[in-house]
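Chain A is already provided as a structure; the job is to place chain B on it using the hints.
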Amino acid sequence: MDKSQKYNFKWKDLGDISIGRPNLGPLTQVAVYRLMQYTMRDILEKKYGAVEANRIFHDAGFLAGTEFCKNTLNRSLQVNDFIADLTQKLLKFGIGVLRVESADLEKFSFMLTVSEDLDCSGLPFYGVPVCDYDEGFISGILHMYSGRNFDVKEIDCWGTGERTCRFSVKLVN
Amino acid sequence: MSEIPGEFAQTFCDILINISRGELDEADALLDKQLNNHETNTPCENIAENLKTLISQLREGVKFASALSEGDLLYEAPRNFYLFSDYKQLQANLRHLTWQAQQIAKGDYSQNVNFIGEFSAAFNQMIEGLRAARKTQEQLKELYATRDKFFSIISHDLRSPFNAILGFADILNEEWEELTDTERKTFLQNIRNTSHNTFDLLERLLEWSRVQTGKMKIIPTRVNLGNLVRENFKLLAPTAEGKFIHLVSEVAEEFTAWGDKVAILLVLRNLINNAIKFTRHGGLITVSAAAMHKLVVVTVSDTGVGISAENMNKLFRFEEQLKTEGTDKERGSGLGLVLCREIIDKSGGRIWAESIEGEGSRFSFTLPLNAPTQDKP
Chain A
124 MDKSQKYNFK WKDLGDISIG RPNLGPLTQV AVYRLMQYTM RDILEKKYGA
174 VEANRIFHDA GFLAGTEFCK NTLNRSLQVN DFIADLTQKL LKFGIGVLRV
224 ESADLEKFSF MLTVSEDLDC SGLPFYGVPV CDYDEGFISG ILHMYSGRNF
274 DVKEIDCWGT GERTCRFSVK LVN
Chain B
25 MSEIPGEFAQ TFCDILINIS RGELDEADAL LDKQLNNHET NTPCENIAEN
75 LKTLISQLRE GVKFASALSE GDLLYEAPRN FYLFSDYKQL QANLRHLTWQ
125 AQQIAKGDYS QNVNFIGEFS AAFNQMIEGL RAARKTQEQL KELYATRDKF
175 FSIISHDLRS PFNAILGFAD ILNEEWEELT DTERKTFLQN IRNTSHNTFD
225 LLERLLEWSR VQTGKMKIIP TRVNLGNLVR ENFKLLAPTA EGKFIHLVSE
275 VAEEFTAWGD KVAILLVLRN LINNAIKFTR HGGLITVSAA AMHKLVVVTV
325 SDTGVGISAE NMNKLFRFEE QLKTEGTDKE RGSGLGLVLC REIIDKSGGR
375 IWAESIEGEG SRFSFTLPLN APTQDKP
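Read top to bottom, the protein sequences are chains A and B.
Counting from 124, one number per residue, gives the positions in the first sequence under this note's numbering.
Counting from 25, one number per residue, gives the positions in the second sequence under this note's numbering.
Treat each hint with caution, since some may be false.
[Claimed, not checked] Lysine to aspartate or glutamate pairs mimicking DMTMM-like chemistry, simulated, CA-CA at most 25 Å apart:
1) A/Lys215 to A/Glu229
2) A/Lys230 to B/Glu227
3) A/Lys212 to B/Glu100
4) B/Lys258 to B/Glu227
5) B/Lys130 to A/Asp208
6) A/Lys230 to B/Glu100
The set of hints was computed from the structure by calculation and includes no laboratory data.
Here chain B stands alone, though its shape is the one from the complex:
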């Protein structure tokens, strides 16, 4: 093995000291001197060449570190930069973090930062906060839309009938003597009918408002569906009889489900009432219930006029508030099905409709068959 002469060893020691102090220019100058003064292909020259490479890498490393410290993430560090590959890793992480921040700024809150422990935790917490804020914003937007719709219903749907009632009342008040008995009776009937419809609308609005504000609490218990259907039939029989409509319950006497009694009663009443409204004289309305897996499917079907494809898409939607006259010109608030959907949603079920125009409709909703814990193995 070749020996390194003593004076060279001293020079290399000096070079290493220069490097350790960061005095790279001085180290370079000593190396150049060494290389110029000695023969090629000697151990000294090999050591000097390798030290030159090391110094060159160190210079690049210093430049790179300086660029990073100044925030220049696009700095193009050279290849074969193995001594400072961790700097490059850091640069890659910072570039990715920048891209993620840009995506978050554009509203993509699905980003999950994985950079440095505490920093990532704080950053991800911030994204979580943004997600929550967006959710609140969306809920507020929905709430404002609902409020606007509520005011619009009050201003339009309540104002018009009151105008009519006032108009009829004014005529009766001012022209009582001139009117015939038949005319008086007609005006009084108009007042009664309009008041009845308006009261119905008010009731729906109040029920809907109670659901919206959480005042209508859904407290599920075991309920007898057969009883609820019978109770509704009793209430609605006079209306159905007025149109010679047959009400048939196919729900077994002891058939039960898991739900809130008052809420289900309300949903059934709305669906049966609607069915009566849209079924011609002499028609048939059937209520049935069946257990399917862990659910109960309740269906109200009629042999009525059915629903057009266009209107099917508008059912259950508050913003659409579909109002269609019944077969006997019955008026509706357009809120009944919206109310049903909200109640069934809150009861953990689903509601839907099927219809063939001219042949009839089927409105179905689901309820849990048992209390959630009862279904667990």
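Extracted from the complex, chain A is given alone in its bound form:
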């Protein structure tokens, strides 16, 4: 496989949407986002298998999370205020409704739920969780905020018949 890398993501690559889309504006339909996400998954699974495809989605989510945190969130806030800021930004960008179910600030472990999730809410029943990208995204945000590594695992998902995605977040020693 060709290992040479020609592209590195930069936040400015998202472009100046106000100039680029003066009439259509910054919004699109969720179905379009999912069309890209799930066709991409189809091709990645065909080429690399399900496990590797999941890993690619996780890693892309992680990169997105770090950049999202760096460019949109206030990293100087205390944990509770940071979570409040994150909740507001996820709402603002239409990503999902974040809620905290439990938090142990000493161990830095959380149980989070995301309702109306951009990636999966409303999906058919698959029997397996599908939010690998979200796992990476949350992990990337927390890494950029704290400088530590987190293991984020999706416990419940629309893909497994739930109505709210639930993520367990644990600090990796």
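What follows is chain B alone, placed relative to chain A:
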């Protein structure tokens, strides 16, 4: 399409009746019997397998509902629990609500509950009440601190000069015959000076107390700043002349602002008085005013001794009550600038100071240029 034999159809009907009555054990037993008695891969077996899954979900659902009703929010419901996903949603909501209640208990009143209509309204109303209570508590704390400071000023700053006055008066009373004329005059001058300073302090305290208790009403009108500066110069000229200090007004005659006449007069008097106090003989004090956007900036600058960086942070603060002697050992109450800040705050302006030690100071404050409605388009 394969037909289902009549006896099986009857059994399935019985199973469904059992399920609808909540008799899951009986339904299970009938299903097992059905599965044991018939060949595999038949339509009957498929139906039976699916009914088994349904019963298993129902059992889990009953256990989950029971756990929730007992308040066990940590109950781990299984995955692929699509028949009871709304229970899981409810569990998630209750867990989040619990976390929010924990945060509120820790004093985070920024939480906003969004759970069930009337419940959320009541809960959020309660948080609003807590916020209001905290605000009142903070105001009370501030009020107590102010009261304590007030008593401390009265007990210390008024007691000491009175002790001095009494001491001088006692000496004059008891040793009048033995004292020379010069000594008598010195003691009388001491009594006069101390009384003057104490009276000045009392006046400040009363003015400050009137602002604090709301008795000094700030009633803004159009005021002529040029006149207010002249009025103050007239009042303070004897003090300035005593130190050969020049008072210069650069405020145009008809320059106006929007504010309370008495309050601005008081602020200007305090600032000019301070400037005289901290300016050496032969110095210069200038008052100027300029319109900037919708504000007027009034500045009192002097060529005095200036203020150290350490003392700059103590200006305008009641708790610090900075008291520094003037260039001619003039005493101050330390309340003048506190009073100015409170008046300017209440007038909707801002007050600040700039200084270079050894070169002089500039005290500026802002006032609205016009009445609020006049600025609207």
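Results of checking the hints against the structure:
Pair hint lysine 215 of chain A plus glutamate 229 of chain A does not hold up; C-alpha atoms about 29 Å apart against a cutoff of 25 Å. Restraint check for lysine 230 of chain A and glutamate 227 of chain B: not satisfied, since their Cα atoms lie roughly 59 Å apart, outside the 25 Å limit. For the hint pairing lysine 212 of chain A with glutamate 100 of chain B, the CA-to-CA distance comes to about 30 Å; that exceeds 25 Å, so the pair is violated. Between lysine 258 of chain B and glutamate 227 of chain B the alpha-carbon distance is near 19 Å, which keeps this suggested pair within the 25 Å criterion.
Taking the CA atoms of lysine 130 of chain B and aspartate 208 of chain A, the gap is about 19 Å. The hint holds against a cut of 25 Å. Restraint check: the Cα-Cα separation between lysine 230 of chain A and glutamate 100 of chain B comes to about 21 Å, which is no more than 25 Å; the hinted pair holds.
Consistency note: the structure conflicts with the earlier hints numbered 1, 2, 3.
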